[in-house]
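Q: What follows is each chain in one-letter form.
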Amino acid sequence: MTTPTRLKKIIQLSLVLLHLLTVVAFLWAGIPGDSSGRLSEALRTYNNLSGSFRDYTYFAPAVGDNYKVAFILEDARGQSRLINFISDNREVDFRYQCIMTVGMRRETLRDVFSQSWAALLFGSNPDAQKVTVMARRVHVPSMADYRRGQRPSWVTVYAGEFARRAGGAGENSLTFDQVPDELR
Amino acid sequence: MIRLAFTRLYDFLYNFFAAPASPRPLGFFRISVSLLALAQVFQLWPYLLQLYGNFGFVQWVIIEADAKTWYPSIGKLCLALQPYGVSSAMSVYGVFTLYALGLVGLLLGWHTRLCAVPVWLLHSLTVNSGFTSLYGVDTMLHICLFYCAWMPVGDAFSLDALRGRKSSAPSFLANLSLRALQIHLCLIYLNTGLAKIRGEQWRGGEAIWRAMMQPQFSVFDMSWLAQASWLALLMCWSVIIVELGYALLIWPAKTRPLLVTTVITLHLGIGLFMGLWMFSLMMIIMNFSAFGFNLLPRQRHSTMHGQQRLAWLRHSRLQAARLRGCLKSHL
Numbered sequence: 001m002t003t004p005t006r007l008k009k010i011i012q013l014s015l016v017l018l019h020l021l022t023v024v025a026f027l028w029a030g031i032p033g034d035s036s037g038r039l040s041e042a043l044r045t046y047n048n049l050s051g052s053f054r055d056y057t058y059f060a061p062a063v064g065d066n067y068k069v070a071f072i073l074e075d076a077r078g079q080s081r082l083i084n085f086i087s088d089n090r091e092v093d094f095r096y097q098c099i100m101t102v103g104m105r106r107e108t109l110r111d112v113f114s115q116s117w118a119a120l121l122f123g124s125n126p127d128a129q130k131v132t133v134m135a136r137r138v139h140v141p142s143m144a145d146y147r148r149g150q151r152p153s154w155v156t157v158y159a160g161e162f163a164r165r166a167g168g169a170g171e172n173s174l175t176f177d178q179v180p181d182e183l184r
Numbered sequence: 001m002i003r004l005a006f007t008r009l010y011d012f013l014y015n016f017f018a019a020p021a022s023p024r025p026l027g028f029f030r031i032s033v034s035l036l037a038l039a040q041v042f043q044l045w046p047y048l049l050q051l052y053g054n055f056g057f058v059q060w061v062i063i064e065a066d067a068k069t070w071y072p073s074i075g076k077l078c079l080a081l082q083p084y085g086v087s088s089a090m091s092v093y094g095v096f097t098l099y100a101l102g103l104v105g106l107l108l109g110w111h112t113r114l115c116a117v118p119v120w121l122l123h124s125l126t127v128n129s130g131f132t133s134l135y136g137v138d139t140m141l142h143i144c145l146f147y148c149a150w151m152p153v154g155d156a157f158s159l160d161a162l163r164g165r166k167s168s169a170p171s172f173l174a175n176l177s178l179r180a181l182q183i184h185l186c187l188i189y190l191n192t193g194l195a196k197i198r199g200e201q202w203r204g205g206e207a208i209w210r211a212m213m214q215p216q217f218s219v220f221d222m223s224w225l226a227q228a229s230w231l232a233l234l235m236c237w238s239v240i241i242v243e244l245g246y247a248l249l250i251w252p253a254k255t256r257p258l259l260v261t262t263v264i265t266l267h268l269g270i271g272l273f274m275g276l277w278m279f280s281l282m283m284i285i286m287n288f289s290a291f292g293f294n295l296l297p298r299q300r301h302s303t304m305h306g307q308q309r310l311a312w313l314r315h316s317r318l319q320a321a322r323l324r325g326c327l328k329s330h331l
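As you go down the protein sequences, you meet chains A and B in turn. What the first sequence shows, in the working numbering, is residues 1 to 184, in sequence order. What the second sequence shows, in the working numbering, is residues 1 to 331, in sequence order.
Just so you know, these hints were derived from the structure itself, not from any lab. Heads up, none of these hints are tricks.
Covered stretches of chain A (in silico footprint by chain B; criterion: 3 or more residues with CB under 8 Å from a CB of chain B, positions within the stretch not fixed):
{"hint": "1", "stretch": "6-18"}
{"hint": "2", "stretch": "110-120"}
Covered stretches of chain A (chain B as the covering partner; in silico rule of three or more C-beta atoms under 8 Å from a C-beta of chain B):
{"hint": "3", "stretch": "22-29"}
{"hint": "4", "stretch": "42-51"}
{"hint": "5", "stretch": "57-65"}
{"hint": "6", "stretch": "89-98"}
{"hint": "7", "stretch": "139-151"}
Label pairs and their in silico Cβ distance ranges:
{"hint": "8", "chain 1": "B", "residue 1": "P215", "chain 2": "A", "residue 2": "Y46", "range": "35 to 41 Å"}
{"hint": "9", "chain 1": "A", "residue 1": "V24", "chain 2": "B", "residue 2": "Y14", "range": "21 to 27 Å"}
{"hint": "10", "chain 1": "A", "residue 1": "A144", "chain 2": "B", "residue 2": "W45", "range": "43 to 49 Å"}
{"hint": "11", "chain 1": "B", "residue 1": "P215", "chain 2": "A", "residue 2": "Q12", "range": "45 to 51 Å"}
{"hint": "12", "chain 1": "A", "residue 1": "K8", "chain 2": "B", "residue 2": "L272", "range": "44 to 50 Å"}
{"hint": "13", "chain 1": "A", "residue 1": "L39", "chain 2": "B", "residue 2": "Y14", "range": "30 to 36 Å"}
{"hint": "14", "chain 1": "B", "residue 1": "R256", "chain 2": "A", "residue 2": "A159", "range": "53 to 59 Å"}
{"hint": "15", "chain 1": "A", "residue 1": "R105", "chain 2": "B", "residue 2": "R256", "range": "38 to 44 Å"}
{"hint": "16", "chain 1": "B", "residue 1": "P215", "chain 2": "A", "residue 2": "S40", "range": "37 to 43 Å"}
For each residue, glycine too, the CB sits at the ideal point set by N, CA and C.
From just these sequences and the hints, can you work out the full model?
A: Take a look at the structure:
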């Protein structure tokens, strides 16, 4: 006969094994992926809550390129100033870099992310009438090319100009129909 | 023959998963994870609206665009609280204030479970609202907070234990929790090791060079590495070997101290040369809690000692004998 304590242990062990199984399924079988259905949705939500939403393959299989974004703000008198999308706080800067990479890596997403950044700048700079978003990607040469004299260089990947709409920051917010399908 | 193999396997699995273990490594895990999470909140506090707010760098309309799955987020919470006059900024600050307060409770081990579950859920909200700004430390922190929510992390080094609400005696659940953390770490390193060995940059030694030369991770001028490409190649393969070997070599008692030291050194290197200190500390905490803590001289025999160990072995043998009896009657 199984005592209640033993049954409790068996249940606890089963839950742990099941949890680890969801991690394995997520990492190596791509389960649940994008499939639809209640079970897949439940599994996706469980993975999200348990931390299995990224596959831990940092810097692998390849190290991606960095992006650098800068904003040119222009006021009603035509005077402009430059704001770099950087932070002195390294922890915050890593996060800025992640946002820049997500926003600029795919061409189809660049406009919507730039618009979102421009809206924030309009909100925090009431005098700005126009915001130009400029994005560049660094190209790091291979070690052999570096020895031959090549140096890291920046390639412009995006430039977009945004004008203020009437009203405050909220007026410059995006609407759902402006978001590309691939984000939905 | 089959019967013997089955019995041995049963004994091994029973000992592996069910032998009572000290909750002290979990107490250390709770304290260090809470401290790191609090340090993170402290650093991010002035930037919360930029990173998580409705009109931050990534507006909620983008974050919330994925309609496939229901994920809890600050945006959804704000939508629910809007009828009561709660603004988006108030929602962001409210979530982070409660999260920080919960972390203080978790750190002290004061009503640990009561603090751990809300902290984990609140972190879920922040993760889903700042999805585009997340990096490794957030993923690992979320895994740790998820584990804190159900593991007996408050059984040691806590106010709960001090007040007698929890027992610091070795327990089945403490062992099971440590095993879960240990196996999860093995999966993490195995997966990243496999991904690296598939990458041409890693096999050819370029990955370390490229990572060090990215402005984002540049702490020292590492351009001299181009003149010593053999060193970059050696570093890349060392990382691959350590990560792939981790899942195997971390278990034997003879190789465990070496592996723990190597992995901690690897993460210290990442912190020092790439500036990823929070991520490195997170990984060191996970490794030390799972495998390193019990290597400390005073902890070696704390898992089970004296009478407890004897009683456990007797019980174990009794179970095995019972199983053998069962098998005999069936075969």
